[in-house]
Amino acid sequence: MRRRYFGRTGLFVLSLVFAVGFLLPTVLTISNSFMTQSEINANYGMIFESTRPGVGTYVSDSVNLKFIPDKVSADQYFTVLFRSPEYLYKFWNSVILVLPIVILQVGIASFAAYSFTRYRGKWKNFLFFFYIVLMLMPYQVTIVPNYLVAEWTGLLGSRWAVIFPGAFAPFSVFLLTKFMRRIPSVLIEAAKLDGANEWQIFTGVCIPQCRSALYSIAILVFIDYWNMVELPMILLDNVESQPLSVYLATINAGEAGVAFAIAVIYMIPPLLLFLHGEEALVEGITHSGSVKG
Amino acid sequence: MLSELWRYLRGKRWLRRIKNYTDGLNTRHRDNIGGSLWLAPSLLGVATFYIVPFFVIVYYSVISGPINPRFVFFDNFSRLFQNDAFRTAASNTLTFSIVAVPLAVVLSLLIALMLEARIPLKSYFRTFFLSPLMVPVASVVLIWQVLFHPNGAVNELIELFGASGIDWMQSEHSQFVVVILFLWKNLGFNMILFMAALSNIPRELLETADVEGAGPFSKFFNIKIRYLSPTLLFVTILSLINSFKVFREVYLLTGDYPYGNLYMLQHFMNNIFRALDYQRLAAAAVVMTIAMVIIILTLFIAENRFGRDVEE
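Protein chains in written order, with the working numbering: chain C, 419 to 711; chain P, 43 to 354.
Chain C with its partners taken away, still in its complex shape:
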């Protein structure tokens, strides 16, 4: 008994160590966002300078990692939110890229998933398999077709070049099909007996049954695209319409002060979703855990 007790304490300590490691980057980013401009420059100016030589001489030559700011101030947030609109503009770019993708992808997928659930056969199985293969393809591969279509249709450089491929990405189809196939067939048979047509079965049985699934899929799609870098980098050639995820990587010395505040603002939407829908998220991941239908 004694040994077990110690074993559990050991595990607890180990978990604690891991947890600190996992939380540290996030917590540091947040705490540092409350530093004043001069404190940031004094502590971290070096980083931005070394990547772009010749910018500013006011920085110290060492990098000091600080957990707690000397003087807590919301100055950086004030700058980001009110003084320099370009950051909010980039944030807005992210929103109008990601929201249409999430809505369209989940919407289109719910029809496709219904088809894969209700009508099975050799053809359908093959198609479903094909969707899975496509889903697992990394961006390096799929971005070339996306680019060609964008070029042919003249969409290259407009945000639709990113939205369309995202809207038709097969991930939601795969996951939602797995959820829909778990709906008891009794429910569908009962609706049929009551004289419901396919549309009524879809809207009256399948969608309500999949409500939590839709939510968890929407969260997963949202975080995936909120994080996107490759697609907008290649498909949106002008810096103006780039989302914040790409822009954050190119921040330079002049903006060092506000960088942390922007980073924090950028993580707020997914974090809120996470805190609200952690269970749904876990369920979504769990069901993506096998490629079998």
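FYI, nobody ran anything at the bench for these hints, they're computed from the structure.
Don't take each hint at face value.
[Stated by the list, open to error] Estimated spans, in silico, between C-beta atoms of each pair:
(1) P:R268 to C:F485: 39 to 47 angstroms
(2) C:I686 to P:N242: 30 to 38 angstroms
(3) P:V253 to C:G439: 53 to 61 angstroms
(4) C:L605 to P:I343: 29 to 37 angstroms
(5) C:R501 to P:F259: 57 to 65 angstroms
(6) C:G575 to P:V94: 16 to 24 angstroms
(7) P:L248 to C:Q618: 41 to 49 angstroms
(8) C:V513 to P:V253: 51 to 59 angstroms
(9) C:S603 to P:E246: 26 to 34 angstroms
Remember, predicted model here, so these are calculated numbers, not experimental data.
Ideal Cβ positions, reconstructed from N, Cα and C, are used throughout, including at glycine.
Please arrange chain P on chain C, whose structure you already have, making use of the hints.
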């Protein structure tokens, strides 16, 4: 007269059989059309944005150029394989995968096992481990730069122990930094998959093992690992595929021009996008597609086999 004929015909078995057959055909046919209609929006989009252009890419990969296209068969591919940049990128990406994937699998399994034990604050820990999934990499990359700067926190820590600091991003060690970032980002997802698999192991089996005095290690290697094997495989493949996407982390950390051993396949693709060398682009895409299809098919075959092993 007509009704008599009707009654006569209805009595005939052969006619009923035909009618049944066509009825069957009808409903099946209608179902198929209905099913296709439901699928149509998605399938049309996938065809337009992925399938059709892919065939064009295959075509591009075997012709000499957009002007006066000539069929050159494997020329573009051999040109690609002789290209130093492509070989560097491919080998860097593979090296990264070989290092990062086993770590991602083993560590996430360990964390899942850890959380399976009855430790206090368990659900909080799960939230903590999952949180990186939600934090955009772009947001925390600044902290990574602070930690791994030549004059940064990690080096200070190392120097505290008497060793000399390392120029993390501009040396062979740069891949290590990216591995850490990759693990930080991906462990949570894998952990959830393992936790789900662990909770599916029949309790009675483990209790029997307990009664018979099996220790935690023999329980793990004799029972759990067998039930985990499909998930193990899936997580491995998923991590492998995710490791191919590591360009994102590299780009956010180092921009367009990273240290040599961080030059990834996506960097290579970006460069040929800029050069608009369609033939090379197409050949690279085809090669990568073939490689990916092989990996994914392995996943399917293996999952079928291992999955059956457990069900028996």
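Tested hints:
{"no.": "1", "hint": "P:R268 to C:F485: 39 to 47 angstroms", "in the structure": "holds, 45 angstroms"}
{"no.": "2", "hint": "C:I686 to P:N242: 30 to 38 angstroms", "in the structure": "holds, 35 angstroms"}
{"no.": "3", "hint": "P:V253 to C:G439: 53 to 61 angstroms", "in the structure": "violated, 37 angstroms"}
{"no.": "4", "hint": "C:L605 to P:I343: 29 to 37 angstroms", "in the structure": "holds, 34 angstroms"}
{"no.": "5", "hint": "C:R501 to P:F259: 57 to 65 angstroms", "in the structure": "holds, 60 angstroms"}
{"no.": "6", "hint": "C:G575 to P:V94: 16 to 24 angstroms", "in the structure": "holds, 21 angstroms"}
{"no.": "7", "hint": "P:L248 to C:Q618: 41 to 49 angstroms", "in the structure": "holds, 46 angstroms"}
{"no.": "8", "hint": "C:V513 to P:V253: 51 to 59 angstroms", "in the structure": "holds, 57 angstroms"}
{"no.": "9", "hint": "C:S603 to P:E246: 26 to 34 angstroms", "in the structure": "holds, 30 angstroms"}
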